[in-house]
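Student: Position chains S, F, U, Y and W with the ligands relative to chain H; hints supplied.
Those sequence lines, one after another, are chains H, S, F, U, Y and W. The opening residue of the first sequence carries number 1 in our numbering; numbering runs sequentially from there. The opening residue of the second sequence carries number 1001 in our numbering; numbering runs sequentially from there. The opening residue of the third sequence carries number 2001 in our numbering; numbering runs sequentially from there. The opening residue of the fourth sequence carries number 3001 in our numbering; numbering runs sequentially from there. The opening residue of the fifth sequence carries number 4001 in our numbering; numbering runs sequentially from there. The opening residue of the sixth sequence carries number 5001 in our numbering; numbering runs sequentially from there.
Hints listed in this document are in silico derivations from the structure and should not be mistaken for laboratory results. Be aware that one or more of the hints could be misleading.
Here are a few chain F residues that face chain Y, going by a calculated C-beta distance under 8 Å [as the list claims (entries may be wrong)]:
(1) K2052
(2) Y2059
(3) A2206
(4) P2279
Capping the alpha-carbon separation at 16 Å, the derived lysine to aspartate or glutamate pairs in EDC-like fashion look like this [as the list claims (entries may be wrong)]:
(5) U:K3136 - H:E65
(6) F:K2229 - W:D5021
(7) U:K3142 - H:D161
(8) U:K3136 - H:E258
(9) U:K3006 - H:E65
(10) Y:K4046 - F:D2053
(11) S:K1406 - S:E1161
(12) W:K5049 - F:D2207
(13) U:K3141 - H:D161
Virtual Cβ for every residue (Gly too), placed ideally from N, Cα, C.
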Amino acid sequence: MADCYVINRELIAMVSIIMGLLYLVLGPLFGGLVTGLDRRISARMQGRFGPPILQPFYDVLKLFEKEQIVVRRSQNVYVYFYLLFIVFTGVLFFMGEDLLLVIFSLTLAAIFFVLAGYKGGSPFSIIGAERELLQMMAYEPMVLMMAVGMYMATKSFYVGDIVTSPAMPIMLLPGIFIGLTYVLTIKLRKSPFDLSTSHHGHQELVKGITTEYSGPALALIEIAHFYEVPFLVGFVFLFFGSHWLLGLLVCAAVYFLEILIDNTFARTKWQFMVAASWVVAAIFGFGNIIILSLLG
Amino acid sequence: MTLAFLIMIQNLVLFLIGFPALAALILAGVPNNNFRNRLVWVFGLIILVVSVVLVVGFGSISSEMLSFHSKALEKVMFYGEWVMSLLILVLSIKHKKLAPLFLVVIQTSLLTWFELGYGHQLEAANNLFVDKLSLVMALIIGVIGSLICIYAVGYMKEFHEKQHPEIKDRRALFFFILFFFLSAMFGIVFSNNLMWLFFFWEVTTLSSFLLIGYKQNEESINNAFRAVFMNLFGGVFFAMAIIYLFLTTNTIELNQMLGLGGLVMLPVVFLSIAGMTKAAQMPFSSWLLGAMVAPTPVSALLHSSTMVKAGVYLLIRVAPLLGGTLAGLLVACVGGVTFIITSFIAISQSDAKKVLAYSTIANLGLIVMCSGIGTPAAIWAAILLVIFHAIAKGLLFLSVGVVEHKLHSRDIESMDNLIIKMPRLAWMLLVGMAGMFLAPFGMLISKWAVLKALVDANPGLTVVLIYGSAATLFFWVKWMGKILAVVQPEKTDETGISRSEWTALYALVTATIAVCLTFPLISRLMIEPFVFGSSTATTILTRGNSLIMIIMMGFVILFRFSLPKKDEGERIVETYLSGLNVDQRNAYSAPLGATKSFISKNYYLSKYFGEKNLSSIGVATSWLIVMLLIGSSLPWLV
Amino acid sequence: MSNRTIIPFGPQHPVLPEPIHLDLVMEDELVVEAIPRIGWVHRGLEKLVEKKDFLEMTYVAERICGICSFIHGLTYCHGIEQIMNIEVPIRAHFLRTLWSELSRIHSHLLWLGLVADAFGFESLFMHSWRIREKVLDIIEATTGGRVIFGSAKVGGTRRDIDNEMLKRIIAQVTEIEKEMKEISQTFLNDYSVQQRLKGVGILSKADANMLGAVGPMLRASGINQDMRKLNYAAYGHIDWEPVMAQDGDCFARVEVRVGELFQATDMIRQVIEKMPEGPVDVKVTGSPNGEFFARTEQPRGEVIYYLKGNGSKNLERMRVRTPTFANIPAITKILPGIQLADVPMMLLTIDPCISCTER
Amino acid sequence: MTYLAKSPWIIHYDATSCNGCDIEVLACLTPMYDVERFGIINTGNPKHADIFLITGSVNEQNVKVVENIYNQMPNPKVVVAIGICATSGGIFRECYNVLGGVDKVIPVDVYVPGCAVRPEAIIDGVVKAIGVLEEKHTQMKKGAAKS
Amino acid sequence: MVLKSLFSKPATYMYPLLTREPMVGSRGSIVNHVDQCSYCTLCQKKCPTDAIVVDREKKTWAIDSMRCITCNACVDVCPKSCLEMLTTYSSSKTAAELSR
Amino acid sequence: MIEEQKLIEIIPSELVAKVRDMFVEQYRLVQIGCTKLPDRIEINYSFDKNYQFINYRLILANDKVEVPSVSSVYWNALFYENEIHDLFGLNIVGIVLDFKGTFYETKEKYAFATCPPPIEPVIKTTPVVNIKEKGKPQ
Ligand code: NFV
Ligand code: SF4
Ligand code: SF4
Ligand code: SF4
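With the rest of the complex left out, here is chain H:
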């Protein structure tokens, strides 16, 4: 009996390390592909042909071929650490670690990104940074509520436990699911909430936070965005516990929905974004939590 337990633990450790490694390697590939597909689908929605699916990779490789220009010599370090912590977050997630820790690490990464914006020291990057902060303020509550909800539904904060739990958290957390989908739009930098930096040029902040980052440094930012996609989608996946197939299907559906939203909404202003996300979090997220806690 005891032996069995030990083996099991080792097995779990093994699996989680393998998952972590897989993420390290496949994460950006997956992220890049999804981004490429996203761009293609968006183009089609706009009546265009669109770029090749591999375009995001070309972009990144291209950026590495460019000269490095900076405004301050120390500015790129923030980008390195942004990437580092994004990867770290992802690894934690895929190793099945504590969901709260994942969120904190993600926040830390995002903060490095924001600081990178400030460090850029141009009016647009600083405003971009402020806006990114507003965005963080908008989505943070809902993301934390997701973790709380997961815990209430599965009695564990561990991603590993959640994805192996036979119960489907979504059955208990429909509100939180809706709320999370809502804020995912912010996290994926999609219209209507692409306030701080948008994927497209043409907006009041030029390129927002990334205005002063170019060449290889910009490539790293792009890679960090690639790395971000798998675990953001992974959040959705969590709602389906061990029902993997269903989870994957819903992930795809949610992502498609995000693209659709991207293409059917005007960009909102930050006031609306913060208010709306908070209200959504309060109604769907918090409401869900209260109901759960009342049900016991």
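Tutor: Structure of chains S, F, U, Y and W with the ligands alone, referenced to chain H:
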């Protein structure tokens, strides 16, 4: 435990209470500034060392009662109480402040009546005691307190000689109060006799009052009276608690009271209210903001790191009794309201000290909330918060103090380019801020613990933490950004900062980082045994998670050292200014033929998070809750 | 310390297709002051009259702006014709009206796209421009150029359109109209669009008049004024009423322009139906002597050409006051008090055309 | 082959263009011509751009702006003058405030004629520019290898 | 509308993979059928951008395609009708090609 | 169908009063434009109300004459007046927002004030590279 051992502890404890008082008297008597300053160094270091020795040497004890008795001391306290009341009375009359006058009269008459009527029965079996919580508190007071005193040497020199020549130099008084205050703080955490505890409590009130009024201009005097008024309000509740306790249960000892459990709800509630006033919780929070007029070491020592912690200390003490009761829930609500409202307000503030003050109140609110919840996990989280907050906030206040002296402004917006102008200080501020909310640092760990505690105990309350943290994130990061953003390179100038200031700052930076690295150890040795009764290392933050946190910490430290020192072949270009750049990096050619610099200010969102609206909402709701709280305890009267 | 951010907005800025600068003074994101600076497109082409004769100047006039090119040429020619008392063949008048309205559609679609982009609705931008390409195809087929028509001429038009082509245009316009209905649905009824447009940048009726606003900007504030009512070209021969809106906000401006899209298609149909046969130009002899203020309605509003000849081949003075110039005072007045996020959109709601403005 | 060819990002600036060429540049981005097929993105930010599309001749006030944008672009970079105004000053070259073609101010690598330019011509021009870009990239690499 | 576009064929015209037939009458570029030219220099005089250089003596006619604004003025004025406006636009050149 | 265009000549001292009358009658200021003639300078102030076009023509003997600004009546006049100042070098006093000659930063100052000799036509286009790239690593 052997008797010798106990005696040693008792001696150390008495030393910690007595020595600062003695030192205070000596310092008051030294007229020469230089000599006094040197003495402050010596005394400060002694206190620091002794407190460390006490904790390191006797950290393993669980809880020891010390039956120290001294008739003389009690006399001193009795008369001391009178003297203090008289002092406040006289000053109130002098400055025509009726409200404090009124309260002090009530309080003194209550106590005089009580002591005269029952004085002979007011015997405590154990006047003092030591347990892990006291030790933790003592360590904070000893280390941070003495560091701040040392810092004050340089700061006050600069303060009087350069910055404010118009203010009368009363440094002898200043250090007298500072050390006397330390003595009182030690007294609070080691007292078991509630009368003693109350005495020390009142000493801190008085010290705070005198120090806030230190500048003796109209604003500081008004604020000082506001502070004393609110603290006296708490004091009255404290006194009533003692009296009621004694009259109904015939005891004035803390440990006995705690042992009585749910039978003593009324004194517990009243003590909580006293604690909340001292901890500047919402309806009473305005005094702490006013207290920011005092010189910065005062703000650091009294109004963020230690004195206000006396309030939450009391709450943590009674927390097990609050846990699970309606009163507890209400206390938690007060903390919650305070946390969320003040976090929001902090967004709209640009005065550095005010931001720090609001964040202090917010964090105290969190601690109060945990105490109200009262489950072991919550108490554990509360103590973590006390420790981490004391260190990081101390560091922040001290750095802001220095920056203020150098920049002649403490407005956050004036801290542009700080990373270039004063790199070392800027990094200290950054460490302090990171310590307040960032992932691998202490406060975040604590908040994490709070969240987990809340989910288990009362998921509804998590909402406060969740929204409040979002706000916290916003105002800290934008400040960090301000410091880091280099808009216009300037010369580095960090001269003229005294050794005493640097010493304190470096020590606190080290402490901030060290505490984070060693927190699993601290938790296991000091806090968990106190809270859970045994060392259950894996209860809340499992070892794996601690490990990950430490890895992250490593990354963050690595960050500081990965900043490039020299040219690595990048081409340096001007900032993007819509193509309008002229020569210098931040100048552009503007309309009307002008050449201008762009200006980037942070967002304050004052329309949404303005001080006025939010605080009136906060005060109204929290009054309501406090009224309910008092109401909820009234059934015990009959 | 006041917490005012100052940023240079433009001249090179991705939301601005053309260079213009605004010195934005903001509190958080609230604009408290906006000082404009222009001059990046100032060429000084009015002075070319000294070097080019009055017939050649038509080419210059057409190239004042690539968006409202045709009406520039038309107005210039109209002015010269008035001075020289030239009777333009009636078919030419109808052709001019046809092209004017085509260019209005293309300009408005272009603008709708840009404004959609400014409030962050990329796919709407794309679709507006997709439809616009079909208009350009008609234009190219009839004039030979996609944006610079090159068909204006003193005394008539440079090209004729054969009747078969005219029929085809009707069919194409009907198709375009269908697609325009779809995007106008989104512009007028989409919740997120309304959220951004309604109540933003309100220009009151009185202000609009006294600040000299023109065109859709003025009509959106409830003032009925459209220079086509002066009945130049063939506007006197067709039935139409100016499109109006009352609210004076960004949404009203969108409403007016969307309305004008359909008004234009309707006019095109009428023009083609009523198009008389006949020559399209007359021979011009002599040189202008006299002066005239030629006023016509551009997509952006009233344009004024002040032409003064002294009997020689070269004009003495040509002065162009374009609608955007007239609308700039209004926009400077309404910029303070809005959010940074609305600045690009607000700027665009006057449909600024800097090359027109600065000449 | 370098990846520069697969993802040339552009920045567009209008220096006294009459908008004719301007809107044709924009039209290239829209569904009909959709240059994103070639990975072309209009960045609007010199620091991200590889190709500088400039329409219109340069006037007095513009000189500094055009130089600024050019200097803020990372190497390798290519300048494409679009439209007759940009290639030679066009019909406005005699105006008192016009300096002439863009090459009076910054080195131009590709000239695209047309008044207004056709979108197809712009695409051709950009394709040529990509060639120049790759050339410059090899030179840059050689230079780096030497030093 | 968005969804409709997603499932219908994109409006993109795949230039340069496909080339559209230029429209009849589209103004592209000027050619001179030199054999008919009388070198009368009328076109040079009329050209608003001085894109055409005609040398009566040497009997040369040259056009700078980087100057021609395709206004058609020369075509209109040519007495010999030897100028023709082609529907194909003139091609872009790199700096190297131009200086050659 | 030549539309009726009223033309009224005025002198500088009448200007502001006349313009104020128009303002009171709620005429729209259509434009202000300047013309330099060999012997005099004309400034046209055009107004419109319900398609009624009225033009006041201010006649100046030379460019030294002070012209009072009407921007305190019609705020939008300031744009026209600054333009006239920058292009014709006229002395317009009391503009509410005076750009002081920075409205258009032209290569030639007051380009419209005189008639410069025509520029010699240049025939061959040769790309001139006259700018060194700044900030490149040496
Ligand atoms: N419509 C128009 Fe124009 C003219 N005239 C104007 O501002 O666009 Ni280029
Ligand atoms: S080349 Fe022609 S269309 Fe292009 S900007 Fe110049 S004048 Fe306008
Ligand atoms: S106008 Fe015709 S005939 Fe005369 S030179 Fe020109 S091309 Fe030759
Ligand atoms: S088309 Fe016009 S610009 Fe071109 S050569 Fe002929 S006259 Fe000159």
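Student: Hint by hint, which ones does this structure get wrong, listed from lowest number up?
Tutor: Those not satisfied are hints 3, 4, 6, 7, 8, 13.
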